[in-house]
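**Student:** In case you want the letters, here they are:
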Amino acid sequence: MLKKVFATLTATVLTAGMLAGCTDNESASSGGSSESKDGKVTITTVRTLKDDTKFRDGEDLNNNPITRWSEKELGIKWETLWTVPNDEQYNNKIRLALSSGQKLPDVFKVSDGQLINDLIRSGKVMPVDEAIEKYASPRLKEIYEQFPEAFYPATVDGKRYGIPRFSGGNGSDSLLWIRKDWLDKLGLQPPKTIEDLEKIMDAFVNKDPDGNGKKDTIGLTLASKNGLATWLADGSFIFGAYGNYVPGSWSKGENGSLVYGSVQPSMKKALEKLNEWYKKGYLDKEVGILDEQTAIESFVAGKSGIISAPPWAAGWPITDALKNNPGAVVEPYPLPSGPDGKIGRRGEGLITGMFLFSKDFKHMDKFFEYLDAIYGYIYNDSTYFEYGLAEGYDYVMKDGKPVYDADQIPGGKIDPGKYFITEDIPTVPYMLYELAEELYTTKRDAKNAYEYTKIVSQGEPYMKAATIVNQQNQYRIENEFTGPPTKTMQKRSEFLTKMERETFANIIYGRAPFSAFDDFVKKWEESGGKEITKEVNEWYQAVKGEK
Amino acid sequence: MQPTVDLKRQTTAVGTRKQWKVRGTWQLHTMLLPALVIVFIFQYIPMFGLVMAFQDYEPWLGFLHSPWVGLEHFKTMFEYEDARQVIWNTLVISTLKIIFNLAVPLAFALLLNEIYVMKFKRTVQTIVYLPHFLSWVILGGILIDMLSPEGGIVNRILTAVFGIEPIFFLGDNEWFRTVVVVTDVWKECGFNTIVFLAALTSINPSLYEAAIVDGANRWQQTIYITLPSMLPIVIVVGTLSLGNILNAGFDQILNLYNPLVYKTGDIIDTYVYRVGLLNGDFSYATAVGLFKSIISFILVVTGYRLAYKYANYKIF
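Line by line, the protein sequences give chains A and B.
Add 195 to the 1-based position in the first sequence for our numbering, that's all there is to it.
Position 286 (the second sequence) corresponds to 278 in our numbering; numbering is contiguous.
In the BS3-like style, the derived pairs of lysine-lysine whose C-alpha atoms are separated by at most 30 Å in a straight line are: (1) LYS686/A to LYS284/B; (2) LYS319/A to LYS613/A; (3) LYS725/A to LYS67/B; (4) LYS480/A to LYS179/B; (5) LYS725/A to LYS255/B; (6) LYS682/A to LYS255/B; (7) LYS235/A to LYS613/A; (8) LYS475/A to LYS255/B; (9) LYS67/B to LYS717/A; (10) LYS409/A to LYS394/A; (11) LYS693/A to LYS179/B; (12) LYS649/A to LYS596/A.
A few chain A positions that, by computed beta-carbon distances, are all more than 10 Å from chain B: (13) VAL279; (14) ILE327; (15) LYS354; (16) THR388; (17) LYS447; (18) GLU449; (19) PRO460; (20) ALA523; (21) GLY536; (22) VAL591; (23) LYS608; (24) LYS638; (25) GLN667; (26) GLU726; (27) ASN732.
To be clear, the hints were calculated from the coordinates, so they are not data collected in a lab.
Computed from a predicted structure; not experimentally measured.
Ideal Cβ positions, reconstructed from N, Cα and C, are used throughout, including at glycine.
Looking at chain A on its own, in the form it has when it is part of the complex (with noise of 0.2 Å):
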């Protein structure tokens, strides 16, 4: 008897798994894009939503401003299937549905290069070479072939699977942000060089610029736990004045192929350099176990006169430090050039992830009119987005003029580009400081609401170092490597990332000696780095054959 029961109770703990484990592939699986008969098509999708994507009340993201104008206007109703908060989850959300067989949504975005190219190789995702050719407007041809390299993370065996969600391009390259008040206090001036810097540093370091009697003040604000090329804090500016690499980036070598910056023999310079900062107590004392977040502390607090920073940074976290510190003055200026008048920072991607598409999806000329549509936006020539996005989101209209002040829109401004599927604004690679610079020099008034916006609401110093970023673009190192991890990238990049962030941190804190690096290339190479190159590099010759 007793033996029955269990067998019952297993029998409905099982059922009930299996029912369970069922609900989601049929609820997915009612999605789909189809043609109602009023014309009008339903496309569904699934994305991330961020904190900061604000509603008005009762709104959401199958029923807002935007989706009302897609329907009405070009008759797509957008649906979407789920949200998750970060995109950890989305890419396990896409995933599972990967690997258990669920249909996936209509048109998704996918910005890790693995499941990106999972996705694309188990089939389940629709080429797009075709769909391009046919139904991209002439501007977005435009800019798919000025930008080929963006179109590699999504390309294989020849052939495109994916429509990229271009970046700024260079909206997260940095420049120096330098306490303007602590040169003027100790008449120096602006860096030219990394001497120059020296010099500036020694004095914030030796002689009080914050005049408190204490020696309690640094020069550089470095985050290096994730690595010393990074968003925020970034030491690339340094790597880059000694040689054409910067670390953890595949950069062109000198016979064309992809090399990796942190084996490079120019690292060893830098390196060297970092150490003697270290040591003569320019950088944090604690600049190994900091990352992006905790290091500006110390520039927050006052405590530091130089970071390395985007220009959004005039935002966050510069107004923090102003705030702090009463008096204080930071000023964008230019990096500075090496000994051999080098200079080079880490480039930002060209894109933040790929478009796929199922390859159930029939309405690719649909996808394309609303891409192009939204694009008409930022180049004004738009018949829907004349003053703004949404009257009382953006905007509203006062004597028949647009006026985009949040304390004049009832309820606050909402930033209507969130509920793109593109999750913001496109934009064209490079194209935001490029109008900024002409904006900053010229200074002539916005034309366009997108202009307003972006640029001029933000304020001077953001225009200025955007002005600044732009001018020095040639400058730009970039990780050239976009794709998927290799075979070997899988099985030995967590032993040679551990041992990479290892040497370099033991060197700068001194406690190995420079050979430590030789060292370290040495076993790069035979821990897997040859192949790993190798593997890079025929990746890099498979994606470059084509358009």
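Following the hints, complete the assembly by docking chain B onto the known chain A.
**Tutor:** For chain B alone, kept in the frame of chain A given last:
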């Protein structure tokens, strides 16, 4: 395991009746059902994922069609020094943690038990208990500030009182493990103390009364009555923590470690996290995780056997 225990208890409760009847107790069983379902879905079903450890898992092929590679991932694990290093680190850190997480709360509970001013006792208990509720993400930030060699409070005190050079606690291989163990004990000590305090209250007071009549002082009472009475619970807590010997504290280490202390601070879980989630080598990460589980399993069984043998302690 839960259902076995309950069903057995039921049979004994019903007593000599041979047939086990659901009729009288079906409400209780219905209440059990959701828990069973949850355990099954979230604990048992995911176990099928372990086959990944023996495959070259490709997401679009799934478990069913991914190619088999046998024990290759386990071989890789022992081939490279970093895996051996993390296993060693894990063992050292968690052994230290188990020892101190037993000893400190035990001593603390004994001391607290001697306090007769209830208000003071409760206040102390609450304060010690508080850190348990903070997450390591928050504590990590606080600790980085507190232990900073430049102006961190700990180093300031050390310099002012003992006149020693500031110590870079979180960036020094010689100090990192100490910091990890001390902060963990500090965080969890209050929680473990509660268990021991509860055990202390269950000691029969007549034993103490008898001892006092025999002329034993407090110290003798502690050694001859309190400690022996506490032994079973100490062994239980110790046994249970054996199962965690390879969990050296993922959250804690992830928030505190950095390249400078990889040598002594990198543990299996952080390693698996980097390999699996950051590098996307799921099969290899699963293999390392499985290895960890098997060792833990062996340790729990051994610990349980020992507890049964020497303290006659049995859970089921």
